[in-house]
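There are 4 protein chains.
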Amino acid sequence: MDTMISGDVVEKSNAVGEKTLRADYASLGEQLDRRGIAIDAILGKVEAFGVAIPSWGVGTGGTRFARFPGQGEPRDVFDKIEDCAVINQLTRATPTVSLHIPWDRADPVRLKQAAARFGLGFDAMNSNTFSDARDQKHSYKFGSLSHADAAVRRQAVEHNIECIEIGRTLGSKALTVWIGDGSNFPGQVNFARAFERYLDAMKDIYAALPGDWRLFSEHKMYEPAFYSTVVQDWGTNYLIAKELGEKAYCLVDLGHHAPNVNIEMIVSRLIQFGKLGGFHFNDSKYGDDDLDAGSIDPYRLFLVFNELVDAELSGAKDFHPAHMLDQSHNVTDPIESLMLSAVEVQRAYASALLVDRKALAGFQDENDALMATQTLKAAYRTDVEPILAMARLNGGGAINPVAAYRASFYRQKVAAERPASASGGGGIV
Amino acid sequence: MDTMISGDVVEKSNAVGEKTLRADYASLGEQLDRRGIAIDAILGKVEAFGVAIPSWGVGTGGTRFARFPGQGEPRDVFDKIEDCAVINQLTRATPTVSLHIPWDRADPVRLKQAAARFGLGFDAMNSNTFSDARDQKHSYKFGSLSHADAAVRRQAVEHNIECIEIGRTLGSKALTVWIGDGSNFPGQVNFARAFERYLDAMKDIYAALPGDWRLFSEHKMYEPAFYSTVVQDWGTNYLIAKELGEKAYCLVDLGHHAPNVNIEMIVSRLIQFGKLGGFHFNDSKYGDDDLDAGSIDPYRLFLVFNELVDAELSGAKDFHPAHMLDQSHNVTDPIESLMLSAVEVQRAYASALLVDRKALAGFQDENDALMATQTLKAAYRTDVEPILAMARLNGGGAINPVAAYRASFYRQKVAAERPASASGGGGIV
Amino acid sequence: MDTMISGDVVEKSNAVGEKTLRADYASLGEQLDRRGIAIDAILGKVEAFGVAIPSWGVGTGGTRFARFPGQGEPRDVFDKIEDCAVINQLTRATPTVSLHIPWDRADPVRLKQAAARFGLGFDAMNSNTFSDARDQKHSYKFGSLSHADAAVRRQAVEHNIECIEIGRTLGSKALTVWIGDGSNFPGQVNFARAFERYLDAMKDIYAALPGDWRLFSEHKMYEPAFYSTVVQDWGTNYLIAKELGEKAYCLVDLGHHAPNVNIEMIVSRLIQFGKLGGFHFNDSKYGDDDLDAGSIDPYRLFLVFNELVDAELSGAKDFHPAHMLDQSHNVTDPIESLMLSAVEVQRAYASALLVDRKALAGFQDENDALMATQTLKAAYRTDVEPILAMARLNGGGAINPVAAYRASFYRQKVAAERPASASGGGGIV
Amino acid sequence: MDTMISGDVVEKSNAVGEKTLRADYASLGEQLDRRGIAIDAILGKVEAFGVAIPSWGVGTGGTRFARFPGQGEPRDVFDKIEDCAVINQLTRATPTVSLHIPWDRADPVRLKQAAARFGLGFDAMNSNTFSDARDQKHSYKFGSLSHADAAVRRQAVEHNIECIEIGRTLGSKALTVWIGDGSNFPGQVNFARAFERYLDAMKDIYAALPGDWRLFSEHKMYEPAFYSTVVQDWGTNYLIAKELGEKAYCLVDLGHHAPNVNIEMIVSRLIQFGKLGGFHFNDSKYGDDDLDAGSIDPYRLFLVFNELVDAELSGAKDFHPAHMLDQSHNVTDPIESLMLSAVEVQRAYASALLVDRKALAGFQDENDALMATQTLKAAYRTDVEPILAMARLNGGGAINPVAAYRASFYRQKVAAERPASASGGGGIV
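Chains as they are written, first to last, in our numbering: chain V, 1 to 429; chain W, 1001 to 1429; chain L, 2001 to 2429; chain F, 3001 to 3429.
With the rest of the complex left out, here is chain V (with noise of 0.2 Å):
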């Protein structure tokens, strides 16, 4: 298996952590098992473990009113496969990339071979008719699936059968479909009718889907529009699933909710109606502000993780949840935010699975609210980062991938070969 990143960097950047890892995961275990908990269990899940990376998520990302280029951004998607390649090197926490078309067009055989070089596989596919690609017959401007006119709509599902095909080559068993349909003014749209639209071509894409695939539609309250959105919340997505069949999915995105709104009791009821296809993580203050996941409110992600792993040790229905980054980074180095994201994720599980879900039951039935939620804080207040970085080390990653990743010089070296893009923004307001 090629990597990006010399294996002596890593070596090297892992012997100065090696030792106070070793005994401070000896320490934990210690604690751990006073509590009942076999560390090795927690790290053997931990292990198996994975989150995919947006293939776009390893670009700068920015706002309508400017984007502020990194050094030695992806050209192409070869470029981001690299990339790719250097967070899961280095976590081993990401085996698998999630590619959009078009931007991500490229022969699949190629993309193909360029991913299995760095042994890394693909996880669902993403369409785009939320913007006009160069030489597009029809343009979105006025909505995709949910298009008054039918010629549109065609175009729209044209494009996501086509995002099947190229994912079928990859190996891929899942599309998730996000539009950006809805309305900027009040009356600009008939609900019911574009909703019927958008059910009826959503059908047409699910039929064209293969048998072992699974459906993810995503959800989200605004943006990119701002009176009224297709699919706007859970309760639209569920309908969704429900309509198109068992392979249909609700995709949840943790900054696609209105304010305060209880997220982890979302996933729960997808899950207990067995139409919890999986995430896209990030974190957010004010909306879909795409953050670094567990940066803002870390406990609210440890929360979601609670509900996952409690349909896990149950043995839910139809539960196998996709695990995606979908993030933008216009302040960091995208590699670093995403490793770090990535660590996140899996911390929130870790943690998740040191709940004492018997006793915690047991407070649940005796109404005993202090000592449950306590028994929820006695999980997430341990500091599980021994068992993620032995987790890393184990599979041949670094102890500090950032540390490491700075020692590589991996961003300097490709921004000598990758020519500055350009600023953009700026006229969008």
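No wet-lab data here; the hints were simulated from the structure.
Be a bit skeptical, because a hint or two may be false.
[Claimed, not checked] Pulled a few chain F residues facing chain L out of the computed Cβ check, cut under 7 Å:
(1) L3303
(2) A3359
(3) G3362
(4) D3365
Ideal placement from N, C-alpha and C gives every residue a C-beta, glycine not left out.
Use these hints to put chains W, L and F onto chain V, whose structure you have.
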């Protein structure tokens, strides 16, 4: 038919405004005629439109910090019915009363007679398992229909069945179930298990529902529970109605949503999927503020009615929503607030009837967002007060309900009969 | 004076509606007369009222996901001035243009002549340190006026001083400073140190302000920064204006607040403390949506003007607020949206002028909340369109600006001259 | 010094955990030592840190819908002091009590003795003009310090002066003023006039303040007023403190803000401008939920303390904030919730003390956003429980306060002496 206020008072009050009203009505009629709308057809629809008064609305409301009683507050359900009679006498818009058990518990036959005396009927029955009645066996402190303990759930189910029984005698045709069940701490409750228990209990209530009744479940984002609520949004509410059966519908309270949520879109979805049961009308700026309908964002109320009229005119299936006010009057005379709120709901209905729907559909199909939204605005901006006042005058009510009410000195009269109630709150913070 | 649209087109369009308008105006005049209001006095105030057009508003807007260009978009600031001339020709409500540097950089003398040709003047100048101009020495990626590096701050200060210089030639009398400075991660920035640096830099700009100019600082809760923003709310904005001096004022953009915030109260506070500089008008449902003024919550816009009229009539000190639209037109013809938005702002002003302020003050003193709020509603519900249309007609504009505009085929004509601009976004997610 | 719980119970409870605690403390000490932090210095700071208990917090709270009393609720202020003594005995973190007048009105000399018996002191006095006390001459239904009627304002001023007088005897050094004044309807109140009246009344109170006292004004976005609130946000609060003088400061309740607001930034601004008076700690998900501190978003609490520690270490001027809990305990034993909440506040303080501030400042200056935020996370993730437990043990408190409390059967004992209080609510909707 008895009236609480002398017909003389109303006539005298109307004498002041009738001439102007007839001129304004004629003038508006001409204007509408230019737009191809027959004013009398709108008048007819408005006259046929009614909204129910909640019995608890005629008392002065309060907050957890304090309640500042008004003068002459109703002492019991019979006083409440008299206040409701005043509201309907002057507005001709509120033909029914909605009772809350146990607050309004009384001999149903006597209740029916009391209401019939004023020509009032009974709207949906409301159960109460969010507070403990005196001498109640089990407490609802930790929930009711979703409580961990089967005995508590059983008690709550039986209370709901009792409400149905009372309503049967009264001629009610629906039961509204709103519960406060939820949690204040992460981990306090297992979301999935609590919802299963809720669904099971609701199925027992549903089983006791007469064939010609409907069951309304009502969602609310938060309060009284401040971390999670069992029936927290329309998504969960839809799941409930779907699980229970065809007599089960969702009730939408305008103040029970997350900040910024597009409520009219939720209304559309529920209509489209045949599950809109009815409304609790009120207005809000921050949360479940229970302010007077249309007092904060009158255009939002219009947009809700835009959906309702669209469904009415297009013959949507299973569409016969119940209309009720649900407000808390802390700083006004409740009778005055309820009269004007009923008028405000009528106003939204009348305005929505003025929308040129053929033109609107055309603009929507052509993606002419600007003209589509202007089509709504043209209807909204038309001052329909002459239609509403004419409907009142035709029905024997007051052109200016507040003026007539104040001229009747009703409040002062009942204040002499009804002793002052205690101010409250002051300790529940 | 030149016009972009032939006077014949306007006359022809007006011929259709003039008779009805005169009848409606007379009818409204009678109605207002009954309420003790002289319609001509209101008309006079409306005719004297103007709102500035932002030069960037005449181009099609977009989001970080995509921009869908319209036909015939302005190629440069001279095209923009022509589009602004159309807006003012038809509405007679937008006598000034507000420029954005560097987007509108051009020979100031030529600019002044171009505007003068249509009788247009210049409103506040707008600086831009939230995006990087081509060939700019230092990047604003990590801030501008609050940047950790003094050289970057210096560059940003100098850019603002350049804006003042340009504005001086143009006859502008104010500089508006909005920056995107902030952070995306807890800890990224030290709040206090960043604000100190910002204040120091603003003092340098203030020092360069001509004696008859005003400096407007503009706050915004979030975006483009998603964890913290240096000038995040009116509290910080007030501190700035207070620190800088008597020529410094706060600018309020209606979309830059936290959810649920009572904006009219902020307006009142700034008036009371002599620091209200002006407005960026628009509407919003979720965040800084930049939707057309009054399109989502027209009553809120009225309530803002209720404060402004109250201050105007009571002779508030230091009260001469600037009015500007600031919107993003993604799905409409920007000229149409700006025309109707200017009218909508006028409408709110005219409606607020109808409030019976003596009665209102009486109800407030007597704690008659119901009649107080009804006093506002009585004014708000009155359809003032005849007054607005008469003001346009008297000024040589169009009774129905959109109809006249469409009849002129202006957009089609400029589309033939102005090449299609590129669609954008598509990578900034 | 008297204690409410036998020292034997505490010792027995501590015997179980002491050995493990000492091992964990040593282990953490080594870990911190590696990071250049002396654990004993942190311990010392934690031991010196205290947070006040609000007297009303030891009773069971409720909502406007219901109050479900707990067992053995305090009957009067003397019972409350005993409960507060338990909290401080076991946590050693709550040396003072904050009283609410008139709820806690009693002979001040007796009160002082009752507290002194347990070594408790008195924190800020709290006035109450948001509810009507029995036999009060004027009602606060329509406001208190901002009321339209001067006699009502005078009564409210005098009540505040009485609170100062009582506090003088008790040894309090501050008065906290929170009012519910505001409006439920647009137009009900003139914002500017109401605020002028408020400021005038506050000046009268300020004039009565002893020289060594501080006056805290507390802002809140909404509730009990649901359209506008006189002291609605920190901007208005700052204006108040500025107008009144140097003894006037702003008090920040963590739950009194608009959705999504960055509270730590407000804290920073108030520190920077010398006007931060203190805190009401609690947590919230939706509004002023008054949940246990740190129970919903513990990282936010840490970020607030990050600002406080930064100010403490940098020697910010006029910086000596008061710390108080202000929570409503509806489903837990209030003593348990208050003990753990005090610990949670200590935890945030201890964690913030671990931040490597020199490294942080360096990363900030270099715009290394990723490492800056990781520097905070490194401190936050460290489990400081051994330090907190050691502080309790050293002070004679309990390693595990809840375990010791439950082992003492205190609640059961007082339940036998204190009759059950009435359940409430049930009519205030």
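Hints and how they fare:
Taking 7 Å as the C-beta cut-off, the interface hint given for F:L3303 holds, the closest approach to chain L being about 5 Å. Below 7 Å, beta-carbon pairs count as interface contacts, and F:A3359 has none with chain L, the closest being about 10 Å; its hint is therefore violated. Given the 7 Å rule on beta carbons, the hint for F:G3362 is violated: about 11 Å separates it from the nearest Cβ of chain L. Taking 7 Å as the C-beta cut-off, the interface hint given for F:D3365 holds, the closest approach to chain L being about 5 Å.
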